[in-house]
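Asker: Going down the list, the sequences are from chains D and F. Quick note: the first sequence uses numbering that gives the first Met the number 0, first residue 0, plus one each step. Quick note: the second sequence uses numbering that gives the first Met the number 0, first residue 0, plus one each step.
Keep in mind the hints are simulated off the structure, nothing from the lab. Yeah, the Cβ is synthetic: ideal placement off N, Cα and C, and Gly gets one too. Just to be clear, a hint being listed does not mean it is correct.
[Unchecked claim] Below, simulated DSS-like cross-link-like pairs (lysine-lysine); rule was C-alpha separation at most 30 Å, straight line:
id: 1; chain 1: D; residue 1: K111; chain 2: D; residue 2: K72
id: 2; chain 1: F; residue 1: K437; chain 2: F; residue 2: K459
id: 3; chain 1: D; residue 1: K459; chain 2: F; residue 2: K315
id: 4; chain 1: F; residue 1: K459; chain 2: D; residue 2: K315
id: 5; chain 1: F; residue 1: K47; chain 2: F; residue 2: K72
id: 6; chain 1: D; residue 1: K315; chain 2: F; residue 2: K315
id: 7; chain 1: F; residue 1: K50; chain 2: F; residue 2: K437
id: 8; chain 1: D; residue 1: K459; chain 2: D; residue 2: K437
id: 9; chain 1: D; residue 1: K315; chain 2: D; residue 2: K437
id: 10; chain 1: D; residue 1: K437; chain 2: D; residue 2: K50
id: 11; chain 1: D; residue 1: K111; chain 2: F; residue 2: K111
id: 12; chain 1: F; residue 1: K50; chain 2: D; residue 2: K315
id: 13; chain 1: F; residue 1: K437; chain 2: F; residue 2: K315
id: 14; chain 1: F; residue 1: K111; chain 2: D; residue 2: K437
[Stated by the list, open to error] Calculated Cβ distances over 10 Å to all of chain F for the following chain D residues:
id: 15; residue: P101
id: 16; residue: G151
id: 17; residue: A154
id: 18; residue: A174
id: 19; residue: D229
id: 20; residue: A366
Protein chains: 2
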Amino acid sequence: MPNNGIQLYYRNALADAVGAEHGVASAELDRLAPRIAEIVERIEHERKAGKRRYRDLPFDARMLAAVHDAVRKHRPGCRNLLVLGIGGSALGNIALQTALNPPYYNLLPAAKRPGPRLFVLDNVDPVQFGEVLDLIEPELDATCVNVITKSGETAETAAQFLAIVDLLQRRLGPAARQRLVITTDPATGAMRRLAQDQRIDTLPVPDGVGGRFSVLSAVGLFSAAMCGIDVDRVLAGAARMNDRISRAVLRENPAALISAIHFLLYERGKRLHVMMPYAHQLKDLADWYRQLWAESLGKRLALDGCEVFAGPTPIKALGTTDQHSQVQLYREGPNDKVITFLVAEAFDRDVILPPRFSEIESLSYLANVPMSRLILSEQIATELALVESRRPCLSIRFPRIAPETIGEFIYLYEAATSIMGLLMNIDAYDQPAVQLGKDLTYALMNRRGYEARAAELRPKIALDPNYLV
Amino acid sequence: MPNNGIQLYYRNALADAVGAEHGVASAELDRLAPRIAEIVERIEHERKAGKRRYRDLPFDARMLAAVHDAVRKHRPGCRNLLVLGIGGSALGNIALQTALNPPYYNLLPAAKRPGPRLFVLDNVDPVQFGEVLDLIEPELDATCVNVITKSGETAETAAQFLAIVDLLQRRLGPAARQRLVITTDPATGAMRRLAQDQRIDTLPVPDGVGGRFSVLSAVGLFSAAMCGIDVDRVLAGAARMNDRISRAVLRENPAALISAIHFLLYERGKRLHVMMPYAHQLKDLADWYRQLWAESLGKRLALDGCEVFAGPTPIKALGTTDQHSQVQLYREGPNDKVITFLVAEAFDRDVILPPRFSEIESLSYLANVPMSRLILSEQIATELALVESRRPCLSIRFPRIAPETIGEFIYLYEAATSIMGLLMNIDAYDQPAVQLGKDLTYALMNRRGYEARAAELRPKIALDPNYLV
Numbered sequence: 000m001p002n003n004g005i006q007l008y009y010r011n012a013l014a015d016a017v018g019a020e021h022g023v024a025s026a027e028l029d030r031l032a033p034r035i036a037e038i039v040e041r042i043e044h045e046r047k048a049g050k051r052r053y054r055d056l057p058f059d060a061r062m063l064a065a066v067h068d069a070v071r072k073h074r075p076g077c078r079n080l081l082v083l084g085i086g087g088s089a090l091g092n093i094a095l096q097t098a099l100n101p102p103y104y105n106l107l108p109a110a111k112r113p114g115p116r117l118f119v120l121d122n123v124d125p126v127q128f129g130e131v132l133d134l135i136e137p138e139l140d141a142t143c144v145n146v147i148t149k150s151g152e153t154a155e156t157a158a159q160f161l162a163i164v165d166l167l168q169r170r171l172g173p174a175a176r177q178r179l180v181i182t183t184d185p186a187t188g189a190m191r192r193l194a195q196d197q198r199i200d201t202l203p204v205p206d207g208v209g210g211r212f213s214v215l216s217a218v219g220l221f222s223a224a225m226c227g228i229d230v231d232r233v234l235a236g237a238a239r240m241n242d243r244i245s246r247a248v249l250r251e252n253p254a255a256l257i258s259a260i261h262f263l264l265y266e267r268g269k270r271l272h273v274m275m276p277y278a279h280q281l282k283d284l285a286d287w288y289r290q291l292w293a294e295s296l297g298k299r300l301a302l303d304g305c306e307v308f309a310g311p312t313p314i315k316a317l318g319t320t321d322q323h324s325q326v327q328l329y330r331e332g333p334n335d336k337v338i339t340f341l342v343a344e345a346f347d348r349d350v351i352l353p354p355r356f357s358e359i360e361s362l363s364y365l366a367n368v369p370m371s372r373l374i375l376s377e378q379i380a381t382e383l384a385l386v387e388s389r390r391p392c393l394s395i396r397f398p399r400i401a402p403e404t405i406g407e408f409i410y411l412y413e414a415a416t417s418i419m420g421l422l423m424n425i426d427a428y429d430q431p432a433v434q435l436g437k438d439l440t441y442a443l444m445n446r447r448g449y450e451a452r453a454a455e456l457r458p459k460i461a462l463d464p465n466y467l468v
Numbered sequence: 000m001p002n003n004g005i006q007l008y009y010r011n012a013l014a015d016a017v018g019a020e021h022g023v024a025s026a027e028l029d030r031l032a033p034r035i036a037e038i039v040e041r042i043e044h045e046r047k048a049g050k051r052r053y054r055d056l057p058f059d060a061r062m063l064a065a066v067h068d069a070v071r072k073h074r075p076g077c078r079n080l081l082v083l084g085i086g087g088s089a090l091g092n093i094a095l096q097t098a099l100n101p102p103y104y105n106l107l108p109a110a111k112r113p114g115p116r117l118f119v120l121d122n123v124d125p126v127q128f129g130e131v132l133d134l135i136e137p138e139l140d141a142t143c144v145n146v147i148t149k150s151g152e153t154a155e156t157a158a159q160f161l162a163i164v165d166l167l168q169r170r171l172g173p174a175a176r177q178r179l180v181i182t183t184d185p186a187t188g189a190m191r192r193l194a195q196d197q198r199i200d201t202l203p204v205p206d207g208v209g210g211r212f213s214v215l216s217a218v219g220l221f222s223a224a225m226c227g228i229d230v231d232r233v234l235a236g237a238a239r240m241n242d243r244i245s246r247a248v249l250r251e252n253p254a255a256l257i258s259a260i261h262f263l264l265y266e267r268g269k270r271l272h273v274m275m276p277y278a279h280q281l282k283d284l285a286d287w288y289r290q291l292w293a294e295s296l297g298k299r300l301a302l303d304g305c306e307v308f309a310g311p312t313p314i315k316a317l318g319t320t321d322q323h324s325q326v327q328l329y330r331e332g333p334n335d336k337v338i339t340f341l342v343a344e345a346f347d348r349d350v351i352l353p354p355r356f357s358e359i360e361s362l363s364y365l366a367n368v369p370m371s372r373l374i375l376s377e378q379i380a381t382e383l384a385l386v387e388s389r390r391p392c393l394s395i396r397f398p399r400i401a402p403e404t405i406g407e408f409i410y411l412y413e414a415a416t417s418i419m420g421l422l423m424n425i426d427a428y429d430q431p432a433v434q435l436g437k438d439l440t441y442a443l444m445n446r447r448g449y450e451a452r453a454a455e456l457r458p459k460i461a462l463d464p465n466y467l468v
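Chain D on its own, in the form it takes in the complex (with noise of 0.2 Å):
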C-alpha cells in the first residue's frame, strides 16, 4: 500500500454500511476468496504463456523508445495535433489529455501550453468535421496527424483520413506524408501496407492487445507525449500498480476487491455500475471505463457456450454537477446501482473564496473557505446521503492526479476487469456483437462484396408512414 499511491474504498459497500438487503456481507467476500486467488492465479498463467499482453504494456521499453522517437521527430513546430481514431483508439487519448493537461487547454495562447492543441475526431459529424477542417487549414504545415485503427478498416477512421490527407495533399504535395503518424497492427493491414507504400511514420498497436487494453500503447501515449505528458510517469504508475493487483489474496488486491464486490451485486439484480468522478481532470476516465467495461462484459454467450446475456451497464456521472441531476433518483430509484466515486484528495490548485457579503446568511459560511475543501465536502455529503438511503458505494482515492496515479487507475481497472470477466465466466477480450452494423453499414455505402446484404436490407429501411407522428 505506497503511501503516496490510489486507494480503494470499499466499506461503504458492505452490509455492515447499507445493510446485508444491499450490501456485501464479509462472509460472502470470504466465500469467494478462494475463487478469485484461483482466478488471479489463471490471470497471472495466461500472462506469462503471453496472452495477456495488455498487463506487459508498462514494461515495454522498446514500446515507449518508439513512442519517444516519433514524439522527438514530430513534435517540433507542431501546433496542431489531430487524433484519428474512434473507441480504443480515442477514449484514452482524451482521458490522458483531460487528467494531465490543464482544463481549457486548447483556448491557452501556444506559450503558456506544453505541447500543441489536440483535436481527438471520434465521429464523423460532417458540422464538427468541417469545423475542425476550417481550425487547422491556415496552419497545415504545422499539425501533424495521428491516424490510428488496428485493422485499417474502421470506416469512420477511413472516412476522416481520406478527408485530411486530400486536404494535406493539395496544399503540402509529397511533403504531407511527413505530416502522418500511422499508429496500426505491426505487420498487417490496409493501413500498414499504405504507410509502408507511401514511406509514411507508423506506430504499432500491439499484437494481442485490444482497442480498449490499448490506452498505455503508442495508441494513447503517442498524442500524450506529444502534448507534454510524461508518459515514463503514466507507465511507472501502471507498474507499480502490478504487485498489488497480482497477490491472491482478496482483500489485498484492489482489482478483486472491484470485481468481486460488483459481482457479488451484480448477481443481486445490482447492474448499474456508475462511475461517478469528483474533480473535472478525471471525468473523461470515466467515459475511458465505460466501454472497458460494457464492451468487456456485455455478452450473450458464456465461456460453456451457454446464452445467459450478461452484462453490467456502466454509467458516467460527475460530481459535483450531478448532485444535481442525477442523485435524487440514485438515492430514492430502484437499489440497482453500484456507485464508484473518484475522490481528488487534493488539488493541484484553490481557489479560496473571499468574505464578500458575509452579512447574507447564505454565503457567510463560505468566506475565506478553499473551493477544494466545497467539492469535498459534497463528496462525503453525498456518499454519506446515498448510505443513508442504502445504496452500495465504493470509492477511489487520489492523494493528487498525477501521471503515476491516473497509469495506476487505468491498470487497476484493466485488471478489475480481467477479473469480472472470469467470475461471469465469459470472454472479456471479444467484441462480435459489432460486426453485423459494421456489415449492415459496408451494405448501405455499396462497399463491394456487401451486395447480398444490400438487397437484403433495402426493404427495411423505409420508415413506414403509420408509425411516424
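Given chain D's structure and the hints, the job is docking chain F onto it.
Answerer: Using the frame of chain D, we list chain F on its own:
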C-alpha cells in the same frame, strides 16, 4: 404533422419489429389509450389552473422582451460570458449552445463568432475554476457574468459568485455591478435581495417552473441570445409543438407515445432509457434529458404515499462514437434498455470524401461519398442491428438542426415527462432526496444552524483503514 418539424418514429419499439417479449403490442397501446387521454386532459386542466407553468413559457412575450432588453444592454463589447449555475441552471444553456452554435465556438476568432465566448461553470473544481479565472482575467471589463440560482442558496453557485465578484470588484470597483446579471426568484431569496441592494440587473426564474423545466425561460434564453442564438425561433418551435402534445388521442400525440412506450416497457423490466444522438450538435440534449427524466421520475413514494422506489435510469450515448463502446452491450447484454436515437436527416454542412487511395479496397467505397451519408448509414445500421437482437428502439427525426426543431424537442420531452409522471403515479416536479446531501454539505462547511448535524456527522467521516486497500 408539420413537414419541417421533428417526428417520432416508433415502429421499432413494437412487437411487430422486436417480438412480443420485448416490444409493445398494438393492443397494449390501445388498452392504454383511454388512460393517456385522461392524463393529457388532466394536464391541460392543471395548466389552465396555473399549475404547469413551464407549458406557458413559449407564449410568454413579456419574459422574452425582458431577455432581449438584457441582451441589448449587456452584449455590446462583451467578449466573455460566464454562466454560474448548476443542474437546471446549466444543462439547458449548454444544450442550446452546442445545438445551435458552431462546434469549437470558443476557439473561433471573435469575428467568426456570433457572440462572446461562453463558459458555463457547473462545478466547483478549483483547478477548472482557477483556469477560467486566468482565461478571462485579461478581459474582465469585457466579461459578463450571469448568475443563475432560483433560491440563491445553491452552494456551488454561491461559491463561484463570491470568487468572481471579488475579482470584478478588485479590478473594476463599483463598475463591477454592471458586469453582472442575476437570474433568480422574482420576489424572494438571498440573491434577489443582494441584487436590489447592489443595483444589479436581474432576470426572473418564473414562479412555478422547476429548474429542470426552465430552459425556455430567461434561465436558458439569456445566455443563448447573448451568443447570437435566435431564441424567438426556439420558442416558436416549442409553441408549434404545443398542439401536437395536447392531443388526447395517443397515436397522434408524440409526447404521449414516448411516455406510453417507455412506461409499458418499464413495467416489463426495461428500465434503462438510452438517448443516443447521431449528431455532435445534439449530444448535450441527452444530458439535459438525463436530468429531466431522472430527477422527475426517480421517486421513492407514489402519489398515494406507497413506497415504490420507482424510476428509469436515463443514459447518454453518442453515435457513431459509442458504437465502438456501448453497442456490444446494448445488443448482447440484458435486454433491459429502450434506445432512442436522435437523427439529423440533414446537416448544415457536408464533407465530400475524396477519391484518394481508391485502389485500396477498404477505402474505395468511401470515394466521392458525403460524410453525412456515412453517419446516417451508421445510424440505420445500428438500429437494424439492435432490432435484429430484439432491442426496442425509437427515433426522433430532425429534418434539420435549427432553433425551431430544438425548441420542439425540448417542449416535447418536457411534456412527455409530465405524462410519464402520471403514468407512473409519482410527483414529477419535486426532488426531496437532494436535500439531505445539501444539509450534510452545509454541516461539513460549518454553516450556522447545522451544528447538530455536524456533531452527528463527525464519527461517520473518518475512513476505516481496514477497508482501504
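Asker: Hint by hint, which ones does the structure fall short of?
Answerer: 5, 12, 14, 15, 16, 17 and 20
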